[in-house]
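Dock chain R with the ligands against the given chain A, drawing on the hints supplied.
Protein chains: 2
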Amino acid sequence: IQKRDVQLMKLNELPAETKDGKLIRLKANIEIPEEVDAAIGHGADGIGLYRSEFLFIRPGGLPDEEEQFLAYKHVIQAMGNKPVTIRTLDLGGDKLKHNMKEFSSGEKNPILGWRAIRFCLAHPEIFRTQLRALLRASAFGNLRIMFPLISGLGELEQSLQILGDVRQELRSKGHSVADHIPAGIMIEVPSAAMISDILAKRSHFFSIGTNDLIQYTVAVDRGNENIAYLYDPMHPGVLRFLKMVIENAHKAGIVAGMCGEMAGDPLYTMVLLGLGLDEFSMSSFGIPQVKQIIRSTSIVEAEEFVGRLMEMDDCNDIEHLLRTTMEEKFDITDFRR
Amino acid sequence: IQKRDVQLMKLNELPAETKDGKLIRLKANIEIPEEVDAAIGHGADGIGLYRSEFLFIRPGGLPDEEEQFLAYKHVIQAMGNKPVTIRTLDLGGDKLKHNMKEFSSGEKNPILGWRAIRFCLAHPEIFRTQLRALLRASAFGNLRIMFPLISGLGELEQSLQILGDVRQELRSKGHSVADHIPAGIMIEVPSAAMISDILAKRSHFFSIGTNDLIQYTVAVDRGNENIAYLYDPMHPGVLRFLKMVIENAHKAGIVAGMCGEMAGDPLYTMVLLGLGLDEFSMSSFGIPQVKQIIRSTSIVEAEEFVGRLMEMDDCNDIEHLLRTTMEEKFDITDFRR
Ligand SMILES: [Mg+2]
Ligand SMILES: [Mg+2]
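Protein sequences appear in the order of chains A and R. Each residue of the first sequence is one higher than the last, beginning at 248 in full-length UniProt numbering. Each residue of the second sequence is one higher than the last, beginning at 248 in full-length UniProt numbering.
Excised from the complex, chain A in its bound form (with noise of 0.2 Å):
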């Protein structure tokens, strides 16, 4: 295993390119701004995922701006010309009660409540302040914006309101902003994923978080034990959607990418590539390992194997198929089981 590592680790200068071309971006998901280290170390196109909750779980009150901007400002330095994509936050009160003296949890089903975006467009003030945050970090590198949790339209468009306001509110009183910050989504619940189209539109890019997507697509939580058997990266319903989505991203011109755990199990890397995803983000450890999957494949293989599982109705036959194939295909016996 060591000595795989050791190879897998020169992969690191080689681009993420399959055999017949397709320059695949591979970027990293952090969670604090130390692992940006990592992300570097392990040849990260960029930092596909910064997930800024980190901030506002931490005892001691909400963060305010100046605690913020620092964050966001080392890992969008640190990164360079790189691209860094920071997710607005992506909790709910429950987790914030006690930063937030006024706010009394108690949900029943949180996982379907008052959450991300939703909960962000309830509070402008805890928004307002992370988005100034953001475009003032902005000023130091390359930082896209993404917003979690889109359901509609609606959600979009107040956000990019905010940001916009905010942007104008920051630049009338000096402060530099980049001049184009990308602003995208997390594709994540159905409703957005079947509107894609229309969401696809207003957004720079997308990002499938298949953890989300799927526990709502089979309506499981999946941390339920007696049920967690139900979630199914390779329901059909599941990879049409997926496909559905990328090929309304292509449509209109933005790019399709995937920062859920699928994207990083090198057991999805063929079917992604097949379905069109342009960009993986994942843990740093995992890239090189997807990466070689990716040099030793093409898009052409990869459609015609999608296309194969795709025409299959039974997720066990589906299943069966995947890891055989994969298994043959690869000299890689250790695929998560």
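By construction, these hints were calculated from the structure, which means they are not laboratory data. A few of these clues could be false.
Label-pair restraints from in silico Cβ distances [stated by the list, open to error]:
#1 T571/A - D412/R: 43 to 53 Å
#2 D561/R - H427/A: 46 to 56 Å
#3 T572/A - G308/R: 42 to 52 Å
#4 E575/R - L407/A: 48 to 58 Å
#5 D311/A - I304/R: 35 to 45 Å
#6 E300/R - D311/A: 47 to 57 Å
Below, computed lysine-lysine pairings styled on DSBU-like, alpha-carbon distance capped at 30 Å [claimed, not checked]:
#7 K355/R - K344/A
#8 K490/R - K490/A
#9 K355/R - K342/A
#10 K355/A - K498/R
#11 K344/R - K342/A
#12 K320/R - K498/A
#13 K490/A - K498/R
#14 K490/R - K448/A
#15 K355/A - K342/R
#16 K490/A - K344/R
Glycine included, C-beta positions come from ideal geometry on N, C-alpha and C.
Same frame as chain A, but now just chain R with the ligands:
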């Protein structure tokens, strides 16, 4: 209002037929056997949803086969040759724990939890007892069996397998069972909607459960007052799902019905007609008003109307056109808000 009620009641003997001759089935949702009288009194074409839960929730242990048999037989007999669709148990252990000593509840997200068909497949003794009672009652009229919360083909196939086993077992013991008992499914999980073409091949009918389908599609617990505003039957993603499911039912030659609240709300009657819905099931009291709208509309104009709604990107525009059109077109000013 009383005068209109009398007029509406006169409709009972008239068919729910559009101006251009499509005959719609209007059926009743009932919770307890006694409600069957109201269903007949309001001219229901059958029972579209008989919730079997009342027997399981009352204290005193789970109902045995005989108690269930009598309850089901009562409704089936009372409806004569009109169809009675009985849904198998649609509860999770949280609602049954007073009747099941071994069950410890405490799910964090019960709406995404161990419920309905998932619970029944994990407790085959409960499921088989109910199916035995249903099949025995089938000899007394026109029964249809409906499985709730199907998320994929596997659950449907397992359920049909068990149903077949129970039928054989009963026959071999000399019980009489109806020759043909249509077995259908609720479409209320996004993954089921996404693969409704696949599921339609193994189902005798679909009944769209809009309450859950909308909750999962927009990822909202509508009981959560902070976010209930996102629960929107006119979300364009929901409309597309409805269209997809109904079209897939028709391609497979099966009936597409609906038993969620949307089916009984006259505000949506024209939309649902335009989408091609064949059967509407609702509280008995709602039947006359929905029938009145159906009788004063044509499929052609309903399709044209839905076409216009579905070209719109924004929920608010859709909602506005819907309300103004329905209020102008029909002499109804008290649409639920
Ligand atoms: Mg998420
Ligand atoms: Mg339901």
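Output the indices of the hints that this structure fails to meet, ascending.
1, 2, 4, 5, 10, 12, 16
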